[in-house]
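A.B. asks: Sequence:
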Amino acid sequence: MKLQHYLGGLEGLPEPLNLEKRVFVEDWEKRIFGIHVAMMGLSNHLGSALPEYPIADVPTAFRDEWTWASLRTGAEGMNPFDYFKFRYYEKWLGGITQFFIDNGYVTEDEIAARAGEPWSAEGGDTAIDDQVIDYLRRGDSPRRDTAHPKFAVGDAVRIADVPAGDHTRLPGYLRDRIGTVTRIFEGDYGYFVHTGDGIGDPMPIYIVEFTPGELWGVRAEPGANTLYAELFEAYLQPAEEIQ
2 MKLQHYLGGL
12 EGLPEPLNLE
22 KRVFVEDWEK
32 RIFGIHVAMM
42 GLSNHLGSAL
52 PEYPIADVPT
62 AFRDEWTWAS
72 LRTGAEGMNP
82 FDYFKFRYYE
92 KWLGGITQFF
102 IDNGYVTEDE
112 IAARAGEPWS
122 AEGGDTAIDD
132 QVIDYLRRGD
142 SPRRDTAHPK
152 FAVGDAVRIA
162 DVPAGDHTRL
172 PGYLRDRIGT
182 VTRIFEGDYG
192 YFVHTGDGIG
202 DPMPIYIVEF
212 TPGELWGVRA
222 EPGANTLYAE
232 LFEAYLQPAE
242 EIQ
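FYI, the numbering for the sequence shown is 2 to 244, going by this note's numbering.
It is possible that some hints are incorrect.
In the EDC-like style, the derived pairs of lysine to aspartate or glutamate whose C-alpha atoms are separated by at most 16 Å in a straight line are [what the hints assert, rightly or not]:
{"hint": "1", "residue 1": "151", "residue 2": "241"}
{"hint": "2", "residue 1": "31", "residue 2": "91"}
{"hint": "3", "residue 1": "86", "residue 2": "131"}
{"hint": "4", "residue 1": "92", "residue 2": "77"}
{"hint": "5", "residue 1": "92", "residue 2": "187"}
{"hint": "6", "residue 1": "151", "residue 2": "109"}
{"hint": "7", "residue 1": "92", "residue 2": "30"}
{"hint": "8", "residue 1": "92", "residue 2": "21"}
{"hint": "9", "residue 1": "151", "residue 2": "91"}
Here are the in silico distance ranges between beta carbons for each label pair [stated by the list, open to error]:
{"hint": "10", "residue 1": "219", "residue 2": "53", "range": "50 to 56 Å"}
{"hint": "11", "residue 1": "23", "residue 2": "112", "range": "25 to 31 Å"}
{"hint": "12", "residue 1": "52", "residue 2": "147", "range": "16 to 22 Å"}
{"hint": "13", "residue 1": "229", "residue 2": "128", "range": "40 to 46 Å"}
{"hint": "14", "residue 1": "119", "residue 2": "214", "range": "23 to 29 Å"}
Simulated from the structure, these hints should not be mistaken for laboratory data.
All C-beta atoms, glycine included, are put in the ideal place defined by N, C-alpha and C.
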């Protein structure tokens, strides 16, 4: 386990996880979701995404890249004790706040001075609103080409145990396990940012099947249980390859 997410198979947790069923627990969480969506809709990576947006012409002061990877990196970069203490959108708040501080949009002192003040909406530029709404309607696709896979359906693959970075899409419990390719997605897909563990540039994505015995060993529960994971090609190796 390299980062404090994907807890499958992790032993020693003090108690069962309490999964919150409500989408938003408090009203402010809706606002955080909206801020994230606006940042996604104004991210400068949209100029090269599909479809290509005229993002350089949008009159916004936000000129950075913000994707789901950015949000996840912020959450995973939290102190592990805080990560497990805070709720879902509290993690979002921490990651987004740190991003704005790190990139010079606001200072910690400015945030502290505004804490507790009532919030009110201010008039904005309609061109900015139009861009965000257009993004909500059309989204952006990470697909860049038809798939060029190294592996075929039916191949046995070993999952790499890559060095930890600031962010990963590889579940900790799959590292160094052997599975079978059951599907190859139709295109090569990028991740918009380079995570440091092999993903970022466009590459094939596979669905890999794992047996409970392979993942959990003698602790596997009996029955016809099978786990499927969607994995970037960078995380796959030939099963016979020795690490």
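A.B. asks: Decide, hint by hint, whether the structure agrees.
C.D. replies: Hints and how they fare:
1. Distance restraint check for residue 151 and residue 241: the Cα-Cα separation of roughly 15 Å lies within the 16 Å cut-off, and the hinted pair is therefore satisfied.
2. Between the alpha carbons of residue 31 and residue 91 the distance comes to roughly 11 Å, so the proposed pair stays at or under 16 Å and holds.
3. Of the supplied pair hints, the one linking residue 86 and residue 131 is violated, its CA atoms being roughly 37 Å apart against a limit of 16 Å.
4. Between the alpha carbons of residue 92 and residue 77 the distance comes to roughly 9 Å, so the proposed pair stays at or under 16 Å and holds.
5. Our distance criterion of 16 Å between C-alpha atoms is broken by residue 92 and residue 187, whose separation comes to about 33 Å.
6. Taken as a hint, the residue 151 and residue 109 pair is broken in the structure, with Cα atoms around 48 Å apart against an allowance of 16 Å.
7. Our distance criterion of 16 Å between C-alpha atoms is met by residue 92 and residue 30, whose separation comes to about 11 Å.
8. Annotation: proposed proximity of residue 92 to residue 21 holds, straight-line Cα distance about 14 Å (limit 16 Å).
9. With a C-alpha separation of about 40 Å, the suggested pair residue 151 and residue 91 falls outside the 16 Å cut-off, and the hint is violated.
10. For residue 219 and residue 53, the Cβ-Cβ distance of about 53 Å falls inside the hinted range of 50 to 56 Å, so the restraint holds.
11. Between residue 23 and residue 112 the C-beta distance comes to about 26 Å, which sits within the given range of 25 to 31 Å.
12. Between residue 52 and residue 147 the CB atoms are about 18 Å apart, so this pair conforms to the stated range of 16 to 22 Å.
13. Checked against the hint of 40 to 46 Å, the pair residue 229 and residue 128 passes, with Cβ atoms roughly 43 Å apart.
14. Against the hinted window of 23 to 29 Å, the Cβ-Cβ separation of residue 119 and residue 214 comes to about 57 Å, which falls outside the hint.
Hint compliance for this structure: hints 3, 5, 6, 9 and 14 are not met, and every other hint is.
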